[in-house]
Amino acid sequence: AQSVTQLDSQVPVFEEAPVELRCNYSSSVSVYLFWYVQYPNQGLQLLLKYLSGSTLVESINGFEAEFNKSQTSFHLRKPSVHISDTAEYFCAVSNQGAQKLVFGQGTRLTINP
Amino acid sequence: DTGVSQDPRHKITKRGQNVTFRCDPISEHNRLYWYRQTLGQGPEFLTYFQNEAQLEKSRLLSDRFSAERPKGSFSTLEIQRTEQGDSAMYLCASSLAQPGANVLTFGAGSRLTVL
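Sequence order for the protein chains is A and B.
Residues 1395 to 1507 in the numbering used here are what the first sequence spells out, letter by letter.
Residues 174 to 288 in the numbering used here are what the second sequence spells out, letter by letter.
A couple of the hints might just be wrong.
Residues of chain A placed beyond 12 Å of chain B at every Cβ, according to the derived structure [said to hold, decoys possible]:
1) 1409
2) 1432
3) 1454
4) 1477
5) 1479
6) 1500
Where chain A lies over chain B, by a calculated footprint (3+ residues, C-beta under 8 Å) [unchecked claim]:
7) 215–228
8) 234–246
Per label pair, the in silico range of CB-to-CB distance [unchecked claim]:
9) 1504(A) - 286(B): 34 to 42 Å
10) 235(B) - 1440(A): 41 to 49 Å
11) 244(B) - 1471(A): 41 to 49 Å
12) 1411(A) - 227(B): 21 to 29 Å
13) 180(B) - 1456(A): 29 to 37 Å
If you are wondering where the hints come from, they were derived from the structure by calculation, not from laboratory data.
Note that the Cβ used here is the ideal one computed from N, Cα and C, for glycine as well.
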């Protein structure tokens, strides 16, 4: 069975500092990987996804994630965060051929001025 | 189309009452999913439909829970004889079945509080 572990439940950082949100998954087959973001009082929004091809994927607001098959990881990074990045971030995995996503427990990113 | 719509956004009920949530997916999407999210946790899969057929149900979906999608468009999730442990955010998502990955678009959720 698939599972996702987000190693940090909360990550506080200062504005303009770099950040990394860690995600490891467990699966016996090939996977698709996703990061979703949930801003306060809003629904989940897709931030970025890895389906195939280049292992480094980027979002439009400066986040990137790298698929590392040997380490079964898909960590999310941003070189310089803004107050507006304050949100909860969820990593999710889907087995290729499966129809549902399995989510991690989330990481709350708090940006301090 | 404005995305996935869920109604009501908030529901407060007393233990033992029945509640029903509605989800309107993106119109061209043929897959529809229900997830449950409790405080401090990630969303947990409950069930999904392709068109009107319910193709998978989680073991989390006890016999007090029933989901329908009668015409392959909107869906309802009913919880009978609610318990305090049912308090959670109920999320609906939809997607378009196509080769390759299934990318889900989520609604804002329906928050249930059982007193």
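>> Hint by hint, where does the structure go against what was stated? Just the numbers, ascending.
In response: Violated hints (numbers, rising): 2, 6, 8, 9, 10, 12; every other hint is consistent with the structure.
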